[in-house]
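Protein chains: 2
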Amino acid sequence: MLIEIWGDVVCPWCYVATARFHKALAAFEHHEEVQVRHRSFELEPGRDPAHIEPVPAFLTRRFGAQGPAMDKQVATLARAEKLPYRTDRLVGSTLDAHRLLHLAEDRGRAQQLLKVLFEANFGRAASIFTAPALLELAAGVGLERDAVQAVLEDPDAYLADVRADESAAADLGAHGVPFFLFDRRRALSGAQPAEGLAEALRSTWKTRTIPVLEAEGAVCAPDGSCAVPQP
Amino acid sequence: MLIEIWGDVVCPWCYVATARFHKALAAFEHHEEVQVRHRSFELEPGRDPAHIEPVPAFLTRRFGAQGPAMDKQVATLARAEKLPYRTDRLVGSTLDAHRLLHLAEDRGRAQQLLKVLFEANFGRAASIFTAPALLELAAGVGLERDAVQAVLEDPDAYLADVRADESAAADLGAHGVPFFLFDRRRALSGAQPAEGLAEALRSTWKTRTIPVLEAEGAVCAPDGSCAVPQP
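Chains A and B are the protein sequences, given in the same order.
Numbering-wise, our numbering puts 135 at position 129 of the first sequence, and it's gapless, one number per residue.
Numbering-wise, our numbering puts 108 at position 102 of the second sequence, and it's gapless, one number per residue.
Simulated from the structure, these hints should not be mistaken for laboratory data.
Backbone N, C-alpha and C fix where the C-beta goes; we use that ideal spot for every residue, glycine too.
Hints may be right or wrong, so weigh each one.
Said to hold, decoys possible - Which chain B residues stay away from chain A? Per the calculated CB distances, all over 12 Å, these:
| # | residue |
| --- | --- |
| 1 | A116 |
| 2 | A153 |
| 3 | A163 |
| 4 | A170 |
| 5 | Q198 |
Stated by the list, open to error - Partner residues aside, some chain A positions facing chain B, computed with beta carbon under 7 Å:
| # | residue |
| --- | --- |
| 6 | M7 |
| 7 | L8 |
| 8 | C17 |
| 9 | W19 |
| 10 | F34 |
| 11 | V183 |
| 12 | A197 |
| 13 | A200 |
| 14 | W211 |
| 15 | V225 |
| 16 | G230 |
Can you build the whole structure from these sequences, using the hints too?
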């Protein structure tokens, strides 16, 4: 069963929902048969990579005093779920992080890299927006430094994968993140409670066989019979 | 949109249903966006490849006098749809034909090869059970002779693909063929009328976007807002 999660590494609800999802998944009896894929969704595509700024300044510019207040509400909720949350963190372009997440996906390490990116950004207010910072984080989850460096130096590396994820999100009608797609059949938008995600895992599992809609047509069976159906 | 059709080259209802499907597809307005894939299903897996015999003898052995009578009923129905149908054709192992169909799939020629296999078997009562016969038919749809010869000489070539198709059919609950899978979401078993196949194409097309089941969760939107939902 394939679970795809669209999100951004600077998206607070993605941070919260991804942690909830992994908790629900760990408790799910068929978790070994579940494959999880990160899908890229930049909250601010086209942001100047040189423009790194504190989140309170960014939110104030966008929403006035309400901006930082909104973030403090999310912080309270995240901490209640034992997720460290710094409101004095930074924000910047996440394109390089997404390109590296695709490299990590190829190596089977995307969920590990996503986790350390979330921890660095939300838990420690560390920058995840410069090449040296990303290189250390990626190397820390076992990616080869040379491969990471090569991706960071080539702006086209994995760019098509990031864009494909974003256009798939648009096709699915996902205008915000997190966005969960269960087995390409069921979608959940937003940070559902852990129990909602657990229930989605269970019900998607139960319906994983595709129902046969019509079975009245004539068939040939392995015994060699190909009878004409009688009306 | 992907349409997968499980079938066997000696299966009369597959012959009839595949012709109906291609007729429905040609008339379907979005036919250029439809990809068709042959999926292997041997009616008699494990049949001795050296054992080639006339169909009437095979059916009599299996079902008594009723066997050939059953085939004549199918013949009447097929001819009414302008599909030539010889009841004096041969039957044998179809494993090599399926392995070649997978080679043809790699070259984008599987539907063409399937068509000539059906025509040779049902229309002309020609053998499709020996390497020289298969080589000529495959070359006739543009496959390189060397590649075809190599597959015919190596019993393991594309064997895993044939077995994967057969085990996927079992997972889907398909115990006979033809079996149609529309976009991995809807299945039709048996030789439906052309109108039923046309309707399945239309309705699968209409529902190709996946509905979002729950949209009440908290999301971060591209404007940077990540508001806490108010109960």
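Results for each hint:
no.	hint	in the structure
1	A116	holds, 20 Å
2	A153	holds, 30 Å
3	A163	holds, 24 Å
4	A170	holds, 17 Å
5	Q198	violated, 5 Å
6	M7	violated, 13 Å
7	L8	violated, 11 Å
8	C17	holds, 4 Å
9	W19	holds, 5 Å
10	F34	violated, 18 Å
11	V183	holds, 6 Å
12	A197	holds, 5 Å
13	A200	violated, 12 Å
14	W211	violated, 14 Å
15	V225	holds, 3 Å
16	G230	holds, 5 Å
When held up to the earlier numbered hints, the structure conflicts with 5, 6, 7, 10, 13 and 14 and fits the remainder.
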